[in-house]
Amino acid sequence: MNRAISKVFIITAVLFIALIVNLTWIMAVRAEWFRDRPENKRSIAEEMKIKRGDIIGFDGSVIVGTERRSGYYHRDYPQGTVAPQLIGYDSVRYGRSGIEAQLNDDLTGQSTDLGVQSWVDRLLGRKPKGAAVKLTLVPAVQKTAQSVLHGQKGAVVVLSPKTGALIASASAPTYDPANLEDRWARLSVDASAPLLNRPTQGLYVPGSAFKVVTAAAGLDTGKVTPDTEFVDTGTYVVFGGKVTNYGGAVYGPNDFTTALTYSINTTFGKVGNELGRKRLIAGMEGFGFYQTPPLPLPEGEVLPSGRYGKKGLLAPGAFMDPLDVAWAAVGQERLLATPLQMALVVGGVANGGRIMKPYYLQEIVSASGDVVGATEPEQWLVAMKPQTASELNTMMQRVVNAGTGTAAALEGIQVAGKTGTAEKGDGSDLAWFVAFAPADDPEVAVVVVIEDSGSTGGEVAAPLAAEVIKSALAQPALP
Amino acid sequence: MSRRNLELVFLVLAGAVSTMAYVSVYAGRFREINSVSIVYGLVFVGIFLLLHVLVRVLLPQADPFVLPITALLAAIGLTEIFRIRPSLALTQGQWLLVGAGLFVLTVLLVRDHMKLDRYRYIIGAVGLVLLVATIVLGTTINGAKLWIHAFGFSIQPSEFAKLAIVVFLAGYLDDKKVLLSVPTRHVLGVPLPAAKYFGPLLIMWVMSLAMLVFMKDFGMALLFMSIFVALMYMATARIVYVVAGVGLFAAAAAIAVSIVPHVQDRFSVWLDPWPHAATTGYQLLQSLFTIADGGVAGAGFGRGFLLFANRQPVVPDLQTDFIFAAISNEMGLLGAAGVILLYLLFVWRGFRIAVFAPDGFSKLLAAGLATAFALQTFIIIGGVTRLIPLTGITLPFVSYGGSSITANLMLVALLLMVSNRTNIIRGGSDLERRRMAERG
Chain P
1 MNRAISKVFI ITAVLFIALI VNLTWIMAVR AEWFRDRPEN KRSIAEEMKI
51 KRGDIIGFDG SVIVGTERRS GYYHRDYPQG TVAPQLIGYD SVRYGRSGIE
101 AQLNDDLTGQ STDLGVQSWV DRLLGRKPKG AAVKLTLVPA VQKTAQSVLH
151 GQKGAVVVLS PKTGALIASA SAPTYDPANL EDRWARLSVD ASAPLLNRPT
201 QGLYVPGSAF KVVTAAAGLD TGKVTPDTEF VDTGTYVVFG GKVTNYGGAV
251 YGPNDFTTAL TYSINTTFGK VGNELGRKRL IAGMEGFGFY QTPPLPLPEG
301 EVLPSGRYGK KGLLAPGAFM DPLDVAWAAV GQERLLATPL QMALVVGGVA
351 NGGRIMKPYY LQEIVSASGD VVGATEPEQW LVAMKPQTAS ELNTMMQRVV
401 NAGTGTAAAL EGIQVAGKTG TAEKGDGSDL AWFVAFAPAD DPEVAVVVVI
451 EDSGSTGGEV AAPLAAEVIK SALAQPALP
Chain W
480 MSRRNLELVF LVLAGAVSTM AYVSVYAGRF REINSVSIVY GLVFVGIFLL
530 LHVLVRVLLP QADPFVLPIT ALLAAIGLTE IFRIRPSLAL TQGQWLLVGA
580 GLFVLTVLLV RDHMKLDRYR YIIGAVGLVL LVATIVLGTT INGAKLWIHA
630 FGFSIQPSEF AKLAIVVFLA GYLDDKKVLL SVPTRHVLGV PLPAAKYFGP
680 LLIMWVMSLA MLVFMKDFGM ALLFMSIFVA LMYMATARIV YVVAGVGLFA
730 AAAAIAVSIV PHVQDRFSVW LDPWPHAATT GYQLLQSLFT IADGGVAGAG
780 FGRGFLLFAN RQPVVPDLQT DFIFAAISNE MGLLGAAGVI LLYLLFVWRG
830 FRIAVFAPDG FSKLLAAGLA TAFALQTFII IGGVTRLIPL TGITLPFVSY
880 GGSSITANLM LVALLLMVSN RTNIIRGGSD LERRRMAERG
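Protein sequence lines correspond, in order, to chains P and W. The letter at position 94 of the first sequence is residue 94 when you use the working numbering, and the numbering goes up by one with no holes. Remember, the working numbering sits 479 above the position in the second sequence when you count from 1.
By construction, these hints were calculated from the structure, which means they are not laboratory data. Any given hint might turn out to be false.
What the hints assert, rightly or not - Quick look at which bits of chain P chain W covers, simulated, 3 or more residues with Cβ under 8 Å:
{"hint": "1", "segment": "9-17"}
{"hint": "2", "segment": "23-32"}
{"hint": "3", "segment": "42-53"}
Unchecked claim - To give an idea of the chain W side of the interface with chain P (calculated C-beta under 7 Å), a few residues:
{"hint": "4", "residue": "826"}
{"hint": "5", "residue": "830"}
{"hint": "6", "residue": "853"}
Stated by the list, open to error - Label pairs and their calculated CB-CB ranges:
{"hint": "7", "chain 1": "P", "residue 1": "49", "chain 2": "W", "residue 2": "619", "range": "34 to 40 Å"}
{"hint": "8", "chain 1": "P", "residue 1": "298", "chain 2": "W", "residue 2": "776", "range": "30 to 36 Å"}
{"hint": "9", "chain 1": "P", "residue 1": "374", "chain 2": "W", "residue 2": "782", "range": "36 to 42 Å"}
{"hint": "10", "chain 1": "P", "residue 1": "18", "chain 2": "W", "residue 2": "909", "range": "42 to 48 Å"}
{"hint": "11", "chain 1": "P", "residue 1": "183", "chain 2": "W", "residue 2": "496", "range": "45 to 51 Å"}
{"hint": "12", "chain 1": "P", "residue 1": "38", "chain 2": "W", "residue 2": "598", "range": "54 to 60 Å"}
{"hint": "13", "chain 1": "W", "residue 1": "786", "chain 2": "P", "residue 2": "61", "range": "32 to 38 Å"}
For each residue, glycine too, the CB sits at the ideal point set by N, CA and C.
Here chain P stands alone, though its shape is the one from the complex (with noise of 0.2 Å):
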């Protein structure tokens, strides 16, 4: 019996043994691994100790601040709801997105650039202070463009062409972050989807706002001129399938720039068979589809455009017929594209065929009140000639004040830009507006999407547009 019993104490010993040495491997091997799994709102507690740094506007007004509960700091937003699907939130349970997350180790003063707490303060339990972070965001563009939102899905985006600045980033449903943790349950699962940020997140079917690209592709290349005559007979046959005009109309002859001011789809389906396959997805590329636009934000936040396929973007390379290739060049197709993508087209326009790299953060000021970091103004890409540019915003000026985009038109202000209505086939149609202004020294990139408009986007996007371009060329300053 003895045996036996020594037997089963050594199995027991073993046993514990095997607890000691799991428990070594999670606190001493993989401890560091455990504290950085973003399911682990451990840290975030702790740094709730901390007081971190507002996010201030671009007109200086603090737009999330902080608060002091029995201990802790809790964020408080004294303008209300702004952007915070962009600015995201900061939660002990459910973690942070945007750039709260982007930013923390700004926000939470542990970055390096704000000099590493001294002995004398980890001694003393003092607490590091976080710095305030200044957006490029202007707060009265940005209240626009949510109310024009207002009611509806969809998403504003409103950019600097010159400096890549992010002026304003709206999208709809939206949310109040002051109470994200009461609501979450059901906001987590709402099929209209409060919590995603649109303008990055959401890939909608370009439509003729993609023509831009088309256009630019063919004027650089030299393939067609803004004069170049063609003829429309309502279809375009092609590789067996046909091209047909929204709504069944046909124009008979037209030149390039009037079927970028009526948006006519067989022109533009042959103009890029003209360009062919690697010649329009190059001039796709010069853009920035098949790329993440660089607008620092967490993993996943940021989407890239192009072609996509059951399991997500495909290669530049991918294969498509003589008749994809027409269907892609109105925009339709395999091809989606996010908000912030077609304002960075726009932008491109705008800006004499550069592209500049997007951005949101002006600067940050440390807790003493020293800047201790800045975002310069960089190009990105070049996406045209600056001969073609200037080409395509005559054009695009013309859509505004002959074409399909009248309703965008100003007093005063001349705007150039494109429409765009992508048919579901179910009356739900995507309406977009793609525009700069002053068309002659363009302030603004602004993209305007509208989900399930029921109209055409010259009808629903264009006026929304114009009142996001007035509010924000009536800023006395923009970044």
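Fit chain W to the known structure of chain P by using the hints.
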């Protein structure tokens, strides 16, 4: 040094260590050390000194290490409970007092554990009734039906049933071990003893299965089955019982995993907790994060991050099933491994008592109690560290819970009785042997 003086020295050491830990928590909490904090510490030490005096008088030759280890573990538990929620520590202190009372009562009433063998069927029946009562009358907490509400208390009868079943099995198996070791026939080449002796295995299996299905508790079922298999093996030294027991339990577990949603959740969370981080896996992951955060040296008593701003613990059930996560966080790897070694030391003393015991019943009783204690500790620590699927059972002496601490103090009383008898027979004084004979 005599056994009792050794015990006293270790008790005083344990008392000193635990008073320091307690004062550290108190200071961290109230930013001062006052006389109240010291009084609480002294009351705790007082309870164990009283038990020591009782043991000195009634069980003079009992093992000197078991009681100090118990005291140290109870002190660590009380300190952490106080750390997490001070009001619960007071309740737990009262339960410790009740447990000490039951310890005294057990020693006074039983005096000699050999008497228990005579009542083994009654004791076994009591154990069974306790379990059946839980199934019938129990309320469900955290998905498992382990509790009976009576007289304003929540009682966890399975903690006491565990003791009763060990006493019964030790007696029964010691009686039948020869019959169980002799195969009467072969099935598929496997030698089997007569069905009527094999029957208890099946009864235990059915009971474990019933616990799994009706109480939805994997941990207790595993514990009971393991105790049974270990005792069968120790009684007969035949590996076939282990194989059969493990096989039957695996079958029962497979059934439970497929039909009991609560057990299923626990199992899938164990395999991969990450997709369930916000739901069923929240508790386990928070436990792992809390443990990992302790690092090698730990945050220090009262200094770890265990409570949210609203004073809710970071891990749900931190003061009960997950208390080991709190200990790991504040005591670090060194402290947590130390606590595990403390449990191992206790278990070793238990098995040592069994090995030296002069008769089969005593051996099986001590070894069975030690096994039960060891496995309960392993199941819950392994659970909160994701070594095995998580099941809600208490960490002996440390977790908050009246049933657990009182039942485990009775377990200590039984172990000390076996030890005392053994040591007297193997070399006590004439007087002690004569007293023993009078009792028997």
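Quick rundown of the hints versus the structure:
no.	hint	verdict
1	9-17	holds (count 5)
2	23-32	holds (count 7)
3	42-53	holds (count 4)
4	826	6 Å, holds
5	830	4 Å, holds
6	853	4 Å, holds
7	P:49 with W:619: 34 to 40 Å	38 Å, holds
8	P:298 with W:776: 30 to 36 Å	32 Å, holds
9	P:374 with W:782: 36 to 42 Å	39 Å, holds
10	P:18 with W:909: 42 to 48 Å	47 Å, holds
11	P:183 with W:496: 45 to 51 Å	49 Å, holds
12	P:38 with W:598: 54 to 60 Å	58 Å, holds
13	W:786 with P:61: 32 to 38 Å	36 Å, holds
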